[in-house]
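Visitor: One-letter residues, chain by chain:
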Amino acid sequence: MTADQVALLKEKFICVPHVWGMEEYVKEQEFLHRVWESHPAFLHDKFGWHFMAATGKVLHEKEVRETGIKGLERILAAFSQLPESEKKPRLGDDDLKGAHRPTEWAARPRPPRALTLRIFARPLKRDARGQYALANYTAVTNTFEGEPHSDAPEPPDPTQDLFWITEDEWKSLVPADVKRGVRRSLPDRLRQRILRFGLAPNHAYYGGLIEWTNIRSSEMTLTTEDVSAAQVCLRLEGSALLSWPEAFCASDSRLAAEAHYDVRFYGLLTYDRTKSTFTRFDLAAAGDYWGPWFHRIRPERTPFGFSMELADGSWAWDRSGTPVALMHLHPSEGEKYYRP
Amino acid sequence: MGQNPKSDGELLAEFLGTRREGAFEELVRRHHPLVFNVCVRVLGRRHDAEDAAQAVFLTLVRRAQSLRGAVSIAPWLHRVASNVSRQALRSLGRMRKREEEAANRNPEAVRVSEEWERLKPLLDSEIDALPDRFRVPLVLRHLEGRTEGEAALAMGWKVGTLSKQLTRARELLRSRLARQGVAVSGAVLGAILAPGVAAAASTAKAAALLAAGGATAWSAVSPQVGALVSGGLKAMMLAKVKVAAAVMALSVAGLGGGLAAYQTLVPQEEKDPPKSAVLPPVKSGVPELTRESFLKLHAMVRPRGKESKWLTAGIPWVTTIAEGRRKAAAEGKPMLFMSAFGAGYTDSLGAT
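The listed protein sequences derive, respectively, from chains P and C.
Under our numbering, residue 340 is the last one in the first sequence; the count climbs by one each step, no gaps.
Under our numbering, residue 352 is the last one in the second sequence; the count climbs by one each step, no gaps.
Think of the hints as simulated: they come from the structure by calculation, not from any bench.
Some hints could be false.
Stated by the list, open to error - Footprint (simulated), chain C over chain P, 3 or more residues, beta carbon under 8 angstroms:
#	region
1	2-16
2	77-90
3	127-134
4	157-163
5	179-192
6	259-271
7	304-313
None of these values were measured; they are calculated from a predicted model.
A virtual CB, placed ideally from N, CA and C, is assigned to each residue, including glycine.
Whenever a hint applies, use it, and build me the whole structure from the sequences.
Guide: Here it is in structure tokens:
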């Protein structure tokens, strides 16, 4: 995507990324279905760019990948030919939203002063020295019988999601009396939130929600590395063994009843005492996953890693604040995210 | 247990920090059925079992500090309840009498209800006497109520292996019970493990007093309970010797997974040093993360270069469909609707 494309998109278009589960209201879902019915390709094209008016009137016939400046200009020309009723329809809330769907909880604003983290995840491999490296599609899928997803040599983009931790939770990381070298356990509530909701999307995908009883073992500690008048630097270390039921695959095999993640953590956190907030929350998690993997079983251990960082608001995505995987896959379980 | 989302360790930490009775009361409410069932099976009389159960929870107060990181304290409580009950039975002088009664009866003439009565005091001691490779999966599956998958995971076994070991364990248990004069069926075994009745308030009160200062607590409990608490703590010290022997035996047998599972059942106080009451991970080749590997990994997993450009290029994405349509209609602009299908959160995992 070039700078010219970005500039044109910013100026002339309203850009909406359709993420699973983002249709919070009945009317949003109805709108999508209406567009899908008129342009079935829209449903099946995974990464297509689709241009339409606010009414749902599609502005092109074929699938569109990332389009160049000329392509964008053709879309604008087609849009300009539409009647005003298509270009500037009168839409009230009743047309746009309607009743809430079961994901009502996800439409709530984040708790005040919640700290939002971006989560990225990738399948990994371990090299001859046992160090982590990126895995490509083939490495991920070639143990399946048939249906290799791709032979692309390049590693796929990371998956992404968000989650937030409440003010009480992040404040619990910094006791009033901080001393360099002091090591203590990560508060239970935050430990659980990270283990149960922070390791999405992989864990949430097609699987049961991780309940606290699925945390077979875990130990997470915080060590104060440095203290000054301006900031407190903390190191987070830990490990966990999770196993949880995967209902989707349960009928395939007895092995499918359980998914497992044997994971290690390391993180560096900085608390700014003058701003009374965290300015760094870098956390990595890596370990072995085994068990159900989409429609199949993956009994061998597969290295899998997460990277978390503060969402600083520079991406529109940051402001969404809703854990997408949870919202899509466990819409009725959202309350647990608010009160883990 | 699902009503209160806090873990056992979290409730213990809250209780230790605030001395709030409610936190301990919740723990008693959760685990009283397990503890009371063990006690009543061994002791027979409800009143004696209630005393013993109270002693178990007061022992928990004494050991709470080292258990505060536990996700579940049920395995620890089962072992302590078994020890305390048997000690109580000895002190009550009924064990010999019951064993004599059992030996003198003709199994053929025993009705189911009588069978039940005779089985109850024997069951836990006979389970405890099983070799660890049979005892541990049996406790995990039947007394803790884990699924076969969960129990297999804890043992480091395949589910099929677990099933075979469970079958052999039940057969062995039945034969041991038969030698005691009780022919037990699977149905009876299941029935005897049914939940009991919980009662929490008085125990929580005594626990709060004990945690607060100790001496005044004993006025809230009977002398029998006080003696059982002391005896229970002594029994736990003795158990260290048994644990060491069992661990060594399992190691010699090469049952690494079994060792991990065995550890899940062992009260943390029996370990040296008692670093934490959480269940230890199954031994694996997962490398620990260091500062160096963390820095590399953290940068490696997040988007790099041209990856996820749609996300990072500074496009002001509108993150709801309704808001996108509203803005497009108001400003007279077309919408770019990027069908990201989970914004890529499944694609890199090989899903199509």
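Visitor: Count the residues of the region 259-271 of chain P whose Cβ falls closer than 8 angstroms to any Cβ of chain C, and tell me whether that reaches three.
Guide: holds (count 8)
Visitor: Would you check chain C against the region 127-134 of chain P, counting CB to CB pairs closer than 8 angstroms, and say if three or more residues qualify?
Guide: holds (count 5)
Visitor: If you look at each residue in the region 179-192 of chain P, do at least three have a Cβ nearer than 8 angstroms to any Cβ of chain C?
Guide: With 4 residues in contact (Cβ-Cβ under 8 angstroms with chain C), the coverage given for the region 179-192 of chain P holds.
Visitor: Within the region 77-90 of chain P, is the number of residues with a Cβ closer than 8 angstroms to a Cβ of chain C three or more?
Guide: holds (count 5)
Visitor: At least three residues with a C-beta closer than 8 angstroms to a C-beta of chain C: is that true for the region 2-16 of chain P?
Guide: Coverage by chain C holds here, the residue count being 8 at a Cβ distance below 8 angstroms.
Visitor: Three or more residues of the region 304-313 of chain P near chain C by CB distance under 8 angstroms?
Guide: It holds: at least three residues are needed, and the region 304-313 of chain P offers 4 whose Cβ sits within less than 8 angstroms of chain C.
Visitor: Three or more residues of the region 157-163 of chain P near chain C by CB distance under 8 angstroms?
Guide: holds (count 5)
Of the numbered hints given earlier, the model fails none.
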